[in-house]
Amino acid sequence: MRDLTSRALDTATALGATYADVRVVRRLEENITIKSGRVEGVSGGESEGFGVRVIVGGAWGFAASHHLSPAEADRVAAEAVRIARASATAIRRPVVLDDRPPANGRFESPVTEDPFNVPLDRKIGDLLAADRAMNAVKGIAWTESVYGAQREWKTFAASDGSYTEQVITHIGSGLEANAVDGDEHQRRSYPDNGGLWASAGYEFVRGMDLLGNAERVASEAVELLTAPPLPSGTRTILLHPSQLYMQVHESCGHPTELDRAYGTEASYAGTSFLLPDMLGTFRYGSDLCDIVADATVPGGLGTFGWDDEGVIAQRVPLIKAGIFTGYLSSRETAPRIGRASGGSMRADGWNRIPLIRMTNVNLLPKPGMSFDEIVADTDDGLLFETNRSWSIDDRRLNFQFGTEICREVKGGKVGRLFRNGTYTGITYELWRSMDAVGDASSWSMWATPNCGKGEPSQGGHVGHGVSGARFRNVRVGVMA
Amino acid sequence: MSERHGTGGDPEAALRLAEDVVRQAQAAGAGEAEALVVTGDSALTRFANSEIHQNVASTEVLVNLRFVTGRRIGVASTGRMDPDGIRALVERAASIAANVEELEDWAGLPEADSPEPLPAAWSEGTADATPELRAEGARAVIAAADAAGVTAYGSFSTDAEAVAVANSKGIRAAERRTSSQLLTVTMGPDNGTGYAEQCSVDATRIDGAAIGREAAERARVSANPVDIAPGDYPVVLNHYAMVDLTDMLGYLGFSALAVQEDRSFFEAGKQVASPLVSIIDDGRDPGGLPAGFDAEGVPKQRLALLDAGVCRDLVYDAQTAARAGRRSTGHGLPAPNTYGPFPTNMVMGAGDASMEELVGGLDRGLLVTRFHYTNPVHGKKVVITGMTRDGTFLVEGGKIVGPVRNLRFTMSYLDALANVEAISRERRCIRGFLGGSVVPAVRLSSFTFTGATAAE
Numbered sequence: 107m108r109d110l111t112s113r114a115l116d117t118a119t120a121l122g123a124t125y126a127d128v129r130v131v132r133r134l135e136e137n138i139t140i141k142s143g144r145v146e147g148v149s150g151g152e153s154e155g156f157g158v159r160v161i162v163g164g165a166w167g168f169a170a171s172h173h174l175s176p177a178e179a180d181r182v183a184a185e186a187v188r189i190a191r192a193s194a195t196a197i198r199r200p201v202v203l204d205d206r207p208p209a210n211g212r213f214e215s216p217v218t219e220d221p222f223n224v225p226l227d228r229k230i231g232d233l234l235a236a237d238r239a240m241n242a243v244k245g246i247a248w249t250e251s252v253y254g255a256q257r258e259w260k261t262f263a264a265s266d267g268s269y270t271e272q273v274i275t276h277i278g279s280g281l282e283a284n285a286v287d288g289d290e291h292q293r294r295s296y297p298d299n300g301g302l303w304a305s306a307g308y309e310f311v312r313g314m315d316l317l318g319n320a321e322r323v324a325s326e327a328v329e330l331l332t333a334p335p336l337p338s339g340t341r342t343i344l345l346h347p348s349q350l351y352m353q354v355h356e357s358c359g360h361p362t363e364l365d366r367a368y369g370t371e372a373s374y375a376g377t378s379f380l381l382p383d384m385l386g387t388f389r390y391g392s393d394l395c396d397i398v399a400d401a402t403v404p405g406g407l408g409t410f411g412w413d414d415e416g417v418i419a420q421r422v423p424l425i426k427a428g429i430f431t432g433y434l435s436s437r438e439t440a441p442r443i444g445r446a447s448g449g450s451m452r453a454d455g456w457n458r459i460p461l462i463r464m465t466n467v468n469l470l471p472k473p474g475m476s477f478d479e480i481v482a483d484t485d486d487g488l489l490f491e492t493n494r495s496w497s498i499d500d501r502r503l504n505f506q507f508g509t510e511i512c513r514e515v516k517g518g519k520v521g522r523l524f525r526n527g528t529y530t531g532i533t534y535e536l537w538r539s540m541d542a543v544g545d546a547s548s549w550s551m552w553a554t555p556n557c558g559k560g561e562p563s564q565g566g567h568v569g570h571g572v573s574g575a576r577f578r579n580v581r582v583g584v585m586a
Numbered sequence: 004m005s006e007r008h009g010t011g012g013d014p015e016a017a018l019r020l021a022e023d024v025v026r027q028a029q030a031a032g033a034g035e036a037e038a039l040v041v042t043g044d045s046a047l048t049r050f051a052n053s054e055i056h057q058n059v060a061s062t063e064v065l066v067n068l069r070f071v072t073g074r075r076i077g078v079a080s081t082g083r084m085d086p087d088g089i090r091a092l093v094e095r096a097a098s099i100a101a102n103v104e105e106l107e108d109w110a111g112l113p114e115a116d117s118p119e120p121l122p123a124a125w126s127e128g129t130a131d132a133t134p135e136l137r138a139e140g141a142r143a144v145i146a147a148a149d150a151a152g153v154t155a156y157g158s159f160s161t162d163a164e165a166v167a168v169a170n171s172k173g174i175r176a177a178e179r180r181t182s183s184q185l186l187t188v189t190m191g192p193d194n195g196t197g198y199a200e201q202c203s204v205d206a207t208r209i210d211g212a213a214i215g216r217e218a219a220e221r222a223r224v225s226a227n228p229v230d231i232a233p234g235d236y237p238v239v240l241n242h243y244a245m246v247d248l249t250d251m252l253g254y255l256g257f258s259a260l261a262v263q264e265d266r267s268f269f270e271a272g273k274q275v276a277s278p279l280v281s282i283i284d285d286g287r288d289p290g291g292l293p294a295g296f297d298a299e300g301v302p303k304q305r306l307a308l309l310d311a312g313v314c315r316d317l318v319y320d321a322q323t324a325a326r327a328g329r330r331s332t333g334h335g336l337p338a339p340n341t342y343g344p345f346p347t348n349m350v351m352g353a354g355d356a357s358m359e360e361l362v363g364g365l366d367r368g369l370l371v372t373r374f375h376y377t378n379p380v381h382g383k384k385v386v387i388t389g390m391t392r393d394g395t396f397l398v399e400g401g402k403i404v405g406p407v408r409n410l411r412f413t414m415s416y417l418d419a420l421a422n423v424e425a426i427s428r429e430r431r432c433i434r435g436f437l438g439g440s441v442v443p444a445v446r447l448s449s450f451t452f453t454g455a456t457a458a459e
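As you go down the protein sequences, you meet chains A and B in turn.
The opening residue of the first sequence carries number 107 in the working numbering; numbering runs sequentially from there.
The opening residue of the second sequence carries number 4 in the working numbering; numbering runs sequentially from there.
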């Protein structure tokens with residue numbers, strides 16, 4: 107691989123690039139979908155190619171190709187340089203990168219049971235058994251069960267002498283039961299809507315006990331059909347980890363992306379209310395609110411050895427005791443706030459440039475009570491579980507979430523079921539109202555395997571560690 | 004883009020590759036086989052803070068193989084075109100087919116007439132677009148923003164691809180398609196924001212200066228927005244907002260699979276929208292982003308989805324059509340597609356009002372430029388939540404009074420369409436979830452806003 111990467115870097119620098127890097131990526135995927143007890147889709151995908159990123163005249167250029175050859179390396183490097191020269195006709199602030207030591211080494215995400223070596227019929231059989239168990243529940247209209255695995259072999263080389271190799275495996279699976287009565291449709295998922303993903307091997311899927319949870323989620327879907335809609339009001343809410351991770355994702359992960367703060371996502375995903383002059387002073391949440399971006403946590407979808415600029419994986423505080431303290435950043439943006447890159451640049455494959463992305467954005471657990479104990483400690487509240495819908499404004503302030511299931515909590519006991527539960531608010535008002543966070547015994551990694559950002563669009567695999575939390579005075583029941 | 008690898012914009016070369024893949028699959032034991040080949044060049048120049056900050060191009064290929072033995076189906080895809088890559092593709096698909104259970108109601112691969120040529124889908128101007136052309140478009144937007152004292156953010160993309168489908172039942176479909184899009188968000192110093200977008204098969208027809216002026220003027224007049232109480236308001240939805248309604252109906256309801264799974268609002272013959280509302284899907288409409296056939300190689304039919312507010316027809320792929328006892332309408336997505344067929348070329352009927360007449364009909368209401376981050380709260384009822392963005396204005400006595408802070412809405416898009424009371428003459432092509440949609444602006448008698456954003 108060094109021949110190809112050296113050829114691209116040499117050509118780019120010979121043509122005038124003051125900096126160049128190249129990523130060669132091969133990706134293998136396998137996906138299984140079962141619907142209502144039938145094997146509806148099984149597919150295997152392979153993709154490989156390389157992308158060359160250059161700075162010429164203070165401007166960026168990027169070109170990529172699926173064709174791996176020395177001549178194509180020359181062509182693509184030259185095209186990247188040409189594109190950078192075109193960019194240079196409309197820049198106002200030349201690109202300056204932070205200093206970081208050249209990156210060298212190899213990283214491989216741990217896998218106990220290689221998902222690509224587990225026989226296909228075994229994987230289908232495991233999923234089919236759970237899917238059929240859901241279908242056996244009276245009142246179920248249809249079911250869908252999914253499995254996916256992805257492995258990337260990634261080589262990164264840069265004109266500063268960096269050369270890293272990484273092999274990263276992601277895997278996910280989950281169940282979904284649907285019940286319909288007239289125009290009412292209810293869904294329950296396990297372990298998460300769209301499945302739960304991690305950086306792991308097939309042992310992760312075995313550990314889910316899909317079969318053992320199938321009948322329960324199907325029964326809950328049917329039960330939801332006749333549950334009353336959640337009334338409107340202002341309530342204490344308890345966010346189960348299966349919803350809290352999404353709250354962290356949308357209202358902390360995205361607004362702490364430094365490129366959004368500087369406006370470079372304004373035309374697509376939006377900007378951020380968290381501006382650099384608020385660092386160290388803005389009260390984002392209560393004293394219990396400690397949030398970090400941690401690319402080193404085991405099993406996370408945002409765990410790696412180096413980011414796609416060759417910056418080593420690290421843990422960056424974003425919110426410390428409720429105060430906004432840090433950003434997800436890159437080599438280009440970090441110097442503008444007087445810091446070095448936090449290592450958050452990630453690309454969706456060989457044909458996309460790296461963007462500032464979440465790694466694993468985690469709400470740290472607090473000693474004291476487990477999440478179950480927090481529920482038991484609540485006199486009058488609502489327990490929201492499993493994300494169903496999500497929306498937040500372009501500066502990440504006004505959010506609204508819906509969950510698959512919502513239960514009343516009275517005197518510390520979980521009781522009455524509601525359907526179509528929603529809650530809404532303003533980001534910092536919600537986090538400031540947090541008065542309890544689950545301890546380490548309730549903490550686990552969750553994931554968003556489909557985080558969209560950038561033009562052309564890129565899908566991101568990001569992780570979130572959470573333990574469940576309680577919030578006061580939150581508006582609920584937007585859609586009764 | 005000078006020298007291209009792969010089949011570039013050559014549909015005949017893409018078709019030859021698809022035929023070769025089908026032959027190899029049959030030689031490997033497939034009773035039926037289908038290959039979809041998509042090759043092409045994509046480029047995008049992105050600007051922010053009135054400067055170009057990202058600028059990318061890529062040459063890509065996708066070969067997707069459906070390998071069928073009896074009722075067992077294996078699907079594999081690859082980004083490689085070399086003999087070893089194709090061989091591995093066939094082996095992978097065959098291995099999957101050998102290890103899956105039978106799909107009991109498998110209808111077989113489709114048989115269809117060859118699609119008619121569709122020259123309107125291709126433009127040399129887009130295929131030959133250079134980084135310099137895209138930079139020129141960006142500079143034109145930036146210049147308009149500079150002139151108005153606002154800052155420009157946006158992108159200019161150009162895509163050229165060859166698409167071919169061959170299957171063992173005789174389908175041979177090949178065509179080349181281009182598309183381009185220039186969009187911009189503009190921001191002023193006093194929290195004013197604006198938006199404009201143009202989408203075209205031909206990149207040389209994109210008018211960067213006009214897009215820049217439209218967005219810049221909107222940012223200028225939306226400065227210093229004020230709070231307004233959420234509630235029910237009559238509204239005018241600009242084209243950019245309206246496209247979300249058609250997109251969501253397509254995503255949630257116009258698919259035959261959505262009806263077969265009982266997750267759609269659609270009931271043939273049922274009135275669900277105002278009699279003013281008609282929506283068709285037409286892959287050959289030259290005002291959109293044309294496509295002559297779907298991912299199964301079946302020619303796209305022109306379908307009435309909503310006719311005068313009444314549910315008329317659905318989009319089908321081969322499998323859902325067989326379940327319904329009819330032929331595919333040419334709306335299949337690449338296999339394995341478990342979500343179902345999709346309307347990729349929706350066209351909503353025009354009305355007879357000018358934009359000024361739409362706004363002039365509001366006694367007290369809101370003019371909405373576009374929506375942001377919309378998401379279904381209840382799919383079957385098409386209840387959607389989302390935010391307004393880039394210019395929301397209070398209108399009184401038919402005149403724009405001033406900008407208001409962005410609002411959250413939560414309501415059924417069916418209820419919204421039932422409230423349509425006027426539609427614009429002018430329609431625009433706007434890139435949708437998949438493909439392009441042609442939509443007018445509309446005036447609704449009521450729209451439900453359920454929250455507002457904060458000033459912080």
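It is worth saying that the hints were derived from the structure and are not from the lab.
Where hints are given, some of them may not hold.
[What the hints assert, rightly or not] In the DSSO-like style, the derived pairs of lysine-lysine whose C-alpha atoms are separated by at most 27 Å in a straight line are:
1) K141/A x K402/B
2) K516/A x K472/A
3) K229/A x K244/A
4) K383/B x K273/B
5) K273/B x K402/B
6) K383/B x K141/A
7) K519/A x K472/A
8) K383/B x K244/A
9) K519/A x K426/A
10) K472/A x K426/A
11) K244/A x K172/B
12) K516/A x K426/A
[Stated by the list, open to error] Quick look at which bits of chain A chain B covers, simulated, 3 or more residues with Cβ under 8 Å:
13) 110-123
14) 163-174
15) 204-213
16) 218-230
17) 338-349
18) 359-371
Ideal Cβ positions, reconstructed from N, Cα and C, are used throughout, including at glycine.
Verification of the hints:
Proximity of K141/A to K402/B is assessed by CA-CA distance (about 53 Å); at most 27 Å being required, the pair is judged violated. Between K516/A and K472/A the alpha-carbon distance is near 24 Å, which keeps this suggested pair within the 27 Å criterion. Restraint check for K229/A and K244/A: satisfied, since their Cα atoms lie roughly 26 Å apart, inside the 27 Å limit. Distance restraint check for K383/B and K273/B: the Cα-Cα separation of roughly 15 Å lies within the 27 Å cut-off, and the hinted pair is therefore satisfied.
Annotation: proposed proximity of K273/B to K402/B is violated, straight-line Cα distance about 36 Å (limit 27 Å). Among the hinted pairs, K383/B with K141/A is consistent with the structure: their alpha-carbon atoms are about 19 Å apart, no more than 27 Å. A hinted pair counts as satisfied when its Cα atoms are at most 27 Å apart, and K519/A with K472/A qualifies at roughly 22 Å. With a CA separation close to 21 Å, the supplied pair K383/B and K244/A stays within the 27 Å bound.
For the given pair, K519/A sits about 32 Å from K426/A by alpha-carbon distance, which is inconsistent with the 27 Å threshold. The straight-line distance between the Cα atoms of K472/A and K426/A is roughly 13 Å, inside the 27 Å bound, and the hint therefore holds. A hinted pair counts as satisfied when its Cα atoms are at most 27 Å apart, and K244/A with K172/B does not qualify at roughly 41 Å. With a CA separation close to 32 Å, the supplied pair K516/A and K426/A exceeds the 27 Å bound.
Judged by the Cβ-Cβ criterion of 8 Å, the stretch 110-123 of chain A is not covered by chain B as claimed, because only 0 of its residues qualify and three are needed. Only when three residues or more bring their CB closer than 8 Å to a CB of chain B does the claim for the stretch 163-174 of chain A stand; here the count is 9, and the claim holds. Only residues whose C-beta sits within less than 8 Å of a C-beta in chain B count toward coverage, and the stretch 204-213 of chain A has 0 of them, not enough to reach three; the restraint is violated. Counting residues of the stretch 218-230 of chain A whose beta carbon lies closer than 8 Å to any beta carbon of chain B gives 4, which reaches the threshold of three, so the coverage claim holds.
Restraint check on the stretch 338-349 of chain A versus chain B: 0 residues with Cβ-Cβ distances below 8 Å, three needed, restraint violated. Check on the stretch 359-371 of chain A: 4 of its residues sit with their Cβ under 8 Å from a Cβ of chain B, so the three-residue criterion for coverage holds.
In the structure shown, a violation is registered for the earlier hints numbered 1, 5, 9, 11, 12, 13, 15, 17, in ascending order.
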